[in-house]
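Using the sequences and the hints, build the whole thing.
2 protein chains.
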Amino acid sequence: MSSSSTSLAIAEKETPLDNIEQLELLPGVYDNYEGVIVEMKDPMDPNEFGSLLRASLSQWKQLGKRGIWIKLPIKLANLIEVVVKEGFVFHHAEPDYLMLVRWVSETTNSIPANASHRVGIGAFVMNSNREVLVVQEISGKFKGTGVWKLPTGVVNEGEDICEAAIREVKEETGVDAEFVEVLAFRESHRSFFTKSDLFFVCMLQPRSFAVQKQNSEIEAAKWMPIDEYADQPFVKKNSGFDYVAKVCLAKSNNYTGLSAIPTYSSSGKKTYLYSKLDI
Amino acid sequence: MSSSSTSLAIAEKETPLDNIEQLELLPGVYDNYEGVIVEMKDPMDPNEFGSLLRASLSQWKQLGKRGIWIKLPIKLANLIEVVVKEGFVFHHAEPDYLMLVRWVSETTNSIPANASHRVGIGAFVMNSNREVLVVQEISGKFKGTGVWKLPTGVVNEGEDICEAAIREVKEETGVDAEFVEVLAFRESHRSFFTKSDLFFVCMLQPRSFAVQKQNSEIEAAKWMPIDEYADQPFVKKNSGFDYVAKVCLAKSNNYTGLSAIPTYSSSGKKTYLYSKLDI
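Sequence lines, in order, name chains G and B.
Residue numbers for the first sequence follow the working numbering, so the first one is 42 and each next one is one higher.
Residue numbers for the second sequence follow the working numbering, so the first one is 42 and each next one is one higher.
Treat the hints as calculated values from the structure; they're not laboratory data.
Glycine included, every Cβ here is placed at the ideal spot set by N, Cα and C.
Where hints are given, some of them may not hold.
Stated by the list, open to error - Reference listing, derived: stretches of chain G covered by chain B, where coverage requires no fewer than 3 residues with Cβ under 8 angstroms from a Cβ of chain B:
#1 133 to 139
#2 153 to 164
#3 266 to 274
In structure tokens, the structure reads:
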């Protein structure tokens with residue numbers, strides 16, 4: 042989404058008598074879906090903003106626009122109420138901004154759904170001695186339990202799953218590894234508020250072997266015989282963990298997962314497709 | 042997240058001289074992570090709200106609380122500015138509410154990440170005649186192109202991937218089907234604003250065969266020979282679609298995907314793990 046001009050846009054409107062009126066509008070950028078995106082940057086008096094917004098909405102409706110998006114940075118939180126009064130609803134928020142939207146067309150509302158899932162990875166890194174890379178965390182739900190777990194983490198914004206797995210292993214243990222495949226994934230709901238989680242168990246091939254734990258989150262990191270990992274009471278008692286451990290163990294029996302294959306979307310964007318290779 | 046009481050909470054605070062002061066606080070519910078969640082329901086004067094918020098923050102800090110969450114319904118948008126002035130940032134928003142958060146502890150900030158991905162499914166339903174269920178949509182990017190596509194859709198909040206696939210097939214074509222497995226999935230970034238998409242290609246087994254298109258979104262629906270589907274110029278020209286078609290074709294050559302296996306998380310919650318069965 043490109044940023045809009047900071048100056049007000051001036052629109053020309055023809056009246057039936059061909060008189061040209063100059064209208065001040067909010068600085069909106071048109072997208073490819075008959076939508077308008079307004080990214081506010083500078084403070085403005087709420088009443089003046091309200092007037093501009095109403096005039097702009099009227100013009101955009103006449104132009105056949107459909108979805109009107111207003112992005113307000115957190116420093117302009119005093120303008121939110123004005124936008125809501127004009128019939129906008131919240132669409133999504135990040136720490137530093139709120140996106141509001143209003144559908145102004147008579148056509149079917151096709152506002153895209155908000156993000157619903159968080160995505161995390163667990164990295165299964167096994168060396169040629171059938172040892173798996175495990176960690177103990179300083180904080181979190183396994184703190185003080187003595188449980189050794191796979192390196193895990195949440196993907197960063199815009200980061201591919203395969204890249205996130207490599208990054209987390211490097212950050213938590215110092216080990217360089219290559220992504221091989223996705224072995225399995227798990228979905229859970231209402232993990233935090235109404236959102237869901239997807240957790241991908243990824244297999245990686247180590248390219249270095251010295252373990253150096255990261256200090257801020259990791260208590261300890263080491264290579265552990267895979268049978269010892271799978272035999273931990275916690276793992277055996279929890280069917281989710283137990284199943285994942287079995288999946289990892291199965292790697293020695295020709296279990297093949299989904300590999301990351303770069304492809305291109307219809308709009309030309311590079312996307313990874315995770316699939317079996319032998320098709 | 043349980044809803045908080047609508048009445049103000051009264052906290053008792055002991056001073057060094059053992060005098061008990063009565064403080065009015067916002068109605069916060071404590072969670073299991075030393076967090077406090079305040080769900081505002083009724084209008085309140087912003088100045089009064091600000092005073093209560095400051096007093097509450099002071100008290101919660103003394104109690105060793107860490108993350109303070111304020112949920113504001115859209116009708117109380119006039120209170121957002123007050124919360125922001127007390128150092129809160131946005132966490133997430135849905136059409137009818139905004140969640141703000143502030144970390145008040147000296148310990149490492151462990152506020153959970155916001156949802157980053159939307160999740161969609163594509164349903165590959167093949168009958169015993171090697172025909173695949175395809176649709177043409179009334180609107181959207183394939184409108185008017187003549188392209189026949191697999192039934193697709195976005196999962197609903199809290200809905201499992203396997204259930205979403207069954208639902209979309211039923212809604213778009215009237216066909217009853219059983220979920221068999223995930224054949225592949227694709228990830229793409231910056232699909233809408235800064236968010237990402239995960240798209241799961243799911244294989245389903247039909248249990249009925251009469252096709253009845255849904256009227257509001259679907260132009261037409263039918264069974265089509267799978268080779269004809271894969272030979273469509275659009276499919277062949279777009280590597281992502283082409284690869285998915287090859288994956289579907291491979292089903293006749295013993296390609297096995299990831300099955301949905303119900304397991305339980307460590308907190309006892311049922312979660313689906315998608316994995317190969319033969320481990």
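Task: Earlier hints that do not hold, by number - done: Number 3 only.
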